[in-house]
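Asker: This is what each chain is made of:
2 protein chains.
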Amino acid sequence: MEFAKLPPGDVRALIREGTITRHTSGMCDGYAQANLAVLPSEYAYDFLLFAQRNPKSCPILEVTDRGSRFLKTIAPGADIARDIPKYRIYKNGVPGGEYTDVSEFWRDDFVSFLIGCSFSFESELIAGDIPVRHIEEGRNVPMYITGIECESAGIFHGKMVVSMRPIPPELVVRAVNITASMPRVHGAPVHIGDPGVIGIKDVGKPDFGDAVTIKPEEVPVFWACGVTPQSAIMSARPSIAITHAPGHMLITDVKNLLLKY
Amino acid sequence: MEFAKLPPGDVRALIREGTITRHTSGMCDGYAQANLAVLPSEYAYDFLLFAQRNPKSCPILEVTDRGSRFLKTIAPGADIARDIPKYRIYKNGVPGGEYTDVSEFWRDDFVSFLIGCSFSFESELIAGDIPVRHIEEGRNVPMYITGIECESAGIFHGKMVVSMRPIPPELVVRAVNITASMPRVHGAPVHIGDPGVIGIKDVGKPDFGDAVTIKPEEVPVFWACGVTPQSAIMSARPSIAITHAPGHMLITDVKNLLLKY
Numbered sequence: 017m018e019f020a021k022l023p024p025g026d027v028r029a030l031i032r033e034g035t036i037t038r039h040t041s042g043m044c045d046g047y048a049q050a051n052l053a054v055l056p057s058e059y060a061y062d063f064l065l066f067a068q069r070n071p072k073s074c075p076i077l078e079v080t081d082r083g084s085r086f087l088k089t090i091a092p093g094a095d096i097a098r099d100i101p102k103y104r105i106y107k108n109g110v111p112g113g114e115y116t117d118v119s120e121f122w123r124d125d126f127v128s129f130l131i132g133c134s135f136s137f138e139s140e141l142i143a144g145d146i147p148v149r150h151i152e153e154g155r156n157v158p159m160y161i162t163g164i165e166c167e168s169a170g171i172f173h174g175k176m177v178v179s180m181r182p183i184p185p186e187l188v189v190r191a192v193n194i195t196a197s198m199p200r201v202h203g204a205p206v207h208i209g210d211p212g213v214i215g216i217k218d219v220g221k222p223d224f225g226d227a228v229t230i231k232p233e234e235v236p237v238f239w240a241c242g243v244t245p246q247s248a249i250m251s252a253r254p255s256i257a258i259t260h261a262p263g264h265m266l267i268t269d270v271k272n273l274l275l276k277y
Numbered sequence: 017m018e019f020a021k022l023p024p025g026d027v028r029a030l031i032r033e034g035t036i037t038r039h040t041s042g043m044c045d046g047y048a049q050a051n052l053a054v055l056p057s058e059y060a061y062d063f064l065l066f067a068q069r070n071p072k073s074c075p076i077l078e079v080t081d082r083g084s085r086f087l088k089t090i091a092p093g094a095d096i097a098r099d100i101p102k103y104r105i106y107k108n109g110v111p112g113g114e115y116t117d118v119s120e121f122w123r124d125d126f127v128s129f130l131i132g133c134s135f136s137f138e139s140e141l142i143a144g145d146i147p148v149r150h151i152e153e154g155r156n157v158p159m160y161i162t163g164i165e166c167e168s169a170g171i172f173h174g175k176m177v178v179s180m181r182p183i184p185p186e187l188v189v190r191a192v193n194i195t196a197s198m199p200r201v202h203g204a205p206v207h208i209g210d211p212g213v214i215g216i217k218d219v220g221k222p223d224f225g226d227a228v229t230i231k232p233e234e235v236p237v238f239w240a241c242g243v244t245p246q247s248a249i250m251s252a253r254p255s256i257a258i259t260h261a262p263g264h265m266l267i268t269d270v271k272n273l274l275l276k277y
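So the sequence lines, in the order shown, correspond to chains A and B.
In case it helps, my numbering puts the first sequence at residues 17 to 277.
In case it helps, my numbering puts the second sequence at residues 17 to 277.
In short, the hints are calculated from the structure, not lab data.
If you're wondering where the values come from, they're calculated on a predicted model, not measured in any experiment.
Keep in mind that the hints are not guaranteed to be accurate.
Copies of the same chain are indistinguishable here, so a pair counts whether it falls within one copy or spans any two.
What the hints assert, rightly or not - Here are the simulated DSS-like cross-link-like pairs (lysine-lysine), alpha carbons at most 30 Å apart as the crow flies: (1) Lys231 / Lys88; (2) Lys88 / Lys72; (3) Lys276 / Lys175; (4) Lys72 / Lys276; (5) Lys271 / Lys72; (6) Lys21 / Lys102; (7) Lys175 / Lys21; (8) Lys271 / Lys221; (9) Lys21 / Lys271; (10) Lys88 / Lys21; (11) Lys217 / Lys21; (12) Lys276 / Lys221; (13) Lys221 / Lys88.
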C-alpha cells in the first residue's frame, strides 16, 4: 500500500504540504491512527465526561491544553490544524464543509480530543490471519448507527456507532481475543451475530462508509466506532466542532503494539 | 474478617447509620472498593483531565452529575455524603478535619469522582497464592510519595504516590500478570526493585499507612496509588475538596472480577 513504509513524521509532512489529501488507511504500517474532535473549551468538560462514560466508543489517547494545536505525547510536533488530510466543520451539529487545513478557523479556546481508531486492531487481525473484508475489497469500513444509547454527559448524548467486519465462524473467538487486548482502540466487540439485536435493520446499507461482501457462513462482528463522537456532536449541537473526515485520520508516533500496555 | 461475607448494600447501611466507622479493608469479599474525590464543578474539568492523563494513579470508575450525591453505575442507591466510614475535608489544599458524614457540607456545585482501589487486586493476589504482607500483619498498606512527576492538567499537578508490597522473587512475574489484567484498579506495577530509582529514600518510612516487614530475599514492588489525587489536591489548593480518609473506602456493587472486562 502507498506510504505504508514511511515513518509517521514524513507522511504528516506530506499531508501538511497538501501532497496527501486521501484517506489514511494502510499508511505507516504499525503506527496508531487517531480520530479527532475539536471543541470550544465551554464544551470540553461535558465531552471528556462523555468519553469517560463511553470508553469503548471514545477511548481517549490525548487531550490538548486549551488553545494548543500541538500534541505532547502521541505525535509531538504534529500540527492538529494541518496534519490531517481532511477535516469536517460542524456548526450547531450540522456538517458544514470539508477542508484540508483548518488553521484559519482555529480559536484560542479550542480543545482537541484524540481518540483511538480501529485501524490499529485491523493490522493485528491481519497479522493473526483473520481476513478484513473492506481492506480486501479496497473499501471504507461499513459503519452503522445502532439502537444502543450512549451514556449521556451534560449536553452530549446519542446512539453508539459501530463498525462491522464479517468473520469466518472458526475465527470469531480469535478476533475477540486479539481486539480485547487493545482497549485503547475500542477493544473487544460490542456484539456478535444478528444485526437486528443492536437495532441495525439492513447490514447491506451502512450509515457511513461502504457495504462489504458477507459470505454465507460468515458472522458479522460489531465493534464500537470512533465516529460515535461525531454522532454525539450532531445530537448535542455545539456552536462549532471540527473533526477529521471519516477515514482521514491523524497518524501518530505511537506503535500499535504499545497500545496494549 | 469482619463483614467479609455481607453484601455491599448491607455494609453501606451500617456505615450510614454510624455502626461502622473503621477502615474497610477485608469487607464485602469479592466487591470493588473506591477512592473518593469531591470538588466544586469549577475544578471538575482540570481534575477529570488529570485523571485521564494519569490513568495508572487515577483510574476513574464513575463521575457523578453536578450536585448529585448518588451513583448510577457502581453503587446505585449509595449516598456519597454518608456511605463512607470516614471523610477528609481539604481547604485550600490543607487537610482540615475528618468526618463520618459530610452531608451538612454538601453543595449543589459538587462533582464526585470515584477511583479504582488496589484492594481489588489484593484479593486476586491472595487468590493467586501471593502473600500480601500488610494484610498478614494487620496493617495499612505502606504508601510513598515518589519522585515521579504526574502529567499536569490545569491546576492539578504533583508527584505520584505508590503503594508497596514485598513479593518473593519467584512470584514477581505472577504478581505483574495478575495486576496487569486489572487496569481499572491501577493495573501493572510502576516499578520493581530498588526504591531509590523512583525517589524513595527509606522504604522503612512510608509517607502514608504503615511500614511492613520486607524479608531478605523479597523484592519491593510498587503500584500507582489512589492517594495520588489527594497529593494533587494538596498541590493545587482548590478552595474545598472532600476525599475519603485513607483506607476508608466506598464499597461498590461491582465485583472485582468484572473490573477485568
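Asker: Could you run down the list of hints and mark each one as holding or not?
Answerer: Hints versus structure:
Within a single copy, Lys231 and Lys88 get their C-alpha atoms no closer than 44 Å, and across copies no closer than 42 Å, so neither meets the 30 Å cut-off. When the C-alpha separation of Lys88 and Lys72 is checked against a cutoff of 30 Å, the pair qualifies both within a copy, at 23 Å, and between copies, at 18 Å. Taking the shortest Cα distances, Lys276 and Lys175 sit within 30 Å of each other both inside one copy (27 Å) and across copies (25 Å). Proximity of Lys72 and Lys276 under a CA criterion of 30 Å is satisfied in both settings, with 14 Å inside one chain copy and 14 Å between copies.
In this assembly of identical chains, Lys271 and Lys72 lie within 30 Å of each other by CA distance both inside one copy and across copies; the values are 20 Å within and 20 Å between. Taking CA atoms no more than 30 Å apart as the test, Lys21 paired with Lys102 passes inside one copy only; the shortest distance there is 21 Å, against 57 Å between copies. In this assembly of identical chains, the alpha carbons of Lys175 and Lys21 never lie at most 30 Å apart, being 37 Å within a copy and 39 Å across copies at closest. Neither within a single protomer nor between protomers do Lys271 and Lys221 lie at most 30 Å apart by alpha-carbon distance, with minima of 33 Å and 39 Å respectively.
When the C-alpha separation of Lys21 and Lys271 is checked against a cutoff of 30 Å, the pair qualifies only within one copy, where the shortest distance is 13 Å, while the shortest distance between copies is 45 Å. Proximity of Lys88 and Lys21 under a CA criterion of 30 Å is satisfied intra-copy only: 24 Å inside one chain copy versus 47 Å between copies. In this assembly of identical chains, the alpha carbons of Lys217 and Lys21 never lie at most 30 Å apart, being 40 Å within a copy and 46 Å across copies at closest. Within a single copy, Lys276 and Lys221 get their C-alpha atoms no closer than 33 Å, and across copies no closer than 35 Å, so neither meets the 30 Å cut-off.
Taking the shortest alpha-carbon separations for Lys221 and Lys88, neither the intra-copy value of 39 Å nor the inter-copy value of 35 Å comes in at or below 30 Å.
Consistency with the previously given hints fails for numbers 1, 7, 8, 11, 12 and 13, ordered from lowest to highest.
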